[in-house]
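Trainee: Residues per chain, in single letters:
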Amino acid sequence: NAGVMQNPRHLVRRRGQEARLRCSPMKGHSHVYWYRQLPEEGLKFMVYLQKENIIDESGMPKERFSAEFPKEGPSILRIQQVVRGDSAAYFCASSPPMERAFFGQGTRLTVV
Amino acid sequence: KNEVEQSPQNLTAQEEEFITINCSYSVGISALHWLQQHPGGGIVSLFMLSSGKKKHGRLIATINIQEKHSSLHITASHPRDSAVYICAVPMYSGGGADGLTFGKGTHLIIQP
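Residue numbers (the numbering used here), protein chains in the order written: chain A, 1 to 112; chain B, 1 to 112.
Where hints are given, some of them may not hold.
Unchecked claim - So the derived label-pair ranges between C-beta atoms look like this:
1) B:Ser50 - A:Arg14: 44 to 50 Å
2) A:Glu41 - B:Ala13: 23 to 29 Å
3) B:Lys104 - A:Pro61: 37 to 43 Å
4) A:Ser66 - B:Arg58: 28 to 34 Å
5) A:Arg64 - B:Pro79: 39 to 45 Å
Said to hold, decoys possible - List of simulated lysine-lysine pairs, PhoX-like, C-alpha gap at most 25 Å:
6) A:Lys62 - B:Lys1
7) B:Lys68 - A:Lys44
8) B:Lys54 - B:Lys104
9) B:Lys68 - A:Lys62
10) A:Lys44 - B:Lys1
11) B:Lys54 - B:Lys68
Read the hints as simulated data drawn from the structure, not as lab findings. We treat Cβ as the ideally placed atom computed from N, Cα and C, and that holds for glycine.
Next comes chain A alone, as it looks inside the complex (with noise of 0.2 Å):
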């Protein structure tokens, strides 16, 4: 059972283009959850999301972010229009219900 996938590892995007970053859960897992680590600062809630569900966003930007877990297929977030201040290392972790959560290496953007 491999661990949380997520890819890619590291991305690089020209300011005003659209990153995209995968996440596959752990397998089983129904729960997946996206933060976001800007540098020097700590780890923070973007997003909670079950199959085809938004369950909680509250921690997303209201404009250019965006987040999905279709029924196939991994969890994607996509950030449209990156700016330089999107530049941060992106963690998504998955859990069963109610136990302990999972996290991938994380996708470490840069945005140029």
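The hints should help you fit chain B onto chain A, whose structure is shown.
Mentor: Frame of chain A, contents of chain B only:
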């Protein structure tokens, strides 16, 4: 929303020393998480605990639900224990499956 305070923010110790990291949170929770993050690396979930004490190798985590306080101890510390240790709790009171809110982390350096 829950708030998390960790101390100390930075800790440098000599090999073999007994290490204690503290975490306090503001509202009642179902469980608390201790995480480990190495420089440039991913996040590893060390413990999820809702009462009492858990032990894994040289790591011990305790929680006092009434006092809203948890501690992470490392016995016989080793340079490979050098990392950032992060305390995390559910964002909302009693929210077991909710996203997590994190402490700022404790930067631990163990010198040989």
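Trainee: Next step is simple, just say for each hint if it's right about the structure.
Mentor: Going down the list of hints, with the structure as the test:
Distance hint for Ser50 of chain B and Arg14 of chain A: a CB-CB separation of about 46 Å, consistent with the stated range 44 to 50 Å. For Glu41 of chain A and Ala13 of chain B, the hinted distance range of 23 to 29 Å is satisfied, since their beta carbons lie about 25 Å from each other. In this structure the hint that Lys104 of chain B and Pro61 of chain A lie 37 to 43 Å apart at CB is violated, the actual value being about 21 Å. Separation of Ser66 of chain A from Arg58 of chain B is about 43 Å and departs from the stated range, judged on CB atoms against 28 to 34 Å.
Evaluation of the 39 to 45 Å hint for Arg64 of chain A and Pro79 of chain B yields a pass: the beta carbon distance comes to about 42 Å. Restraint check for Lys62 of chain A and Lys1 of chain B: satisfied, since their Cα atoms lie roughly 19 Å apart, inside the 25 Å limit. For the proposed pair Lys68 of chain B and Lys44 of chain A, the alpha carbon gap of about 21 Å is at most 25 Å, so the pair holds. For the hint linking Lys54 of chain B to Lys104 of chain B, the alpha-carbon distance of about 22 Å falls within 25 Å, and the restraint holds.
Taking the CA atoms of Lys68 of chain B and Lys62 of chain A, the gap is about 33 Å. The hint is violated against a cut of 25 Å. Restraint check for Lys44 of chain A and Lys1 of chain B: the C-alpha separation of about 13 Å stays at or below 25 Å, so the hint holds. With a C-alpha separation of about 17 Å, the suggested pair Lys54 of chain B and Lys68 of chain B falls inside the 25 Å cut-off, and the hint holds.
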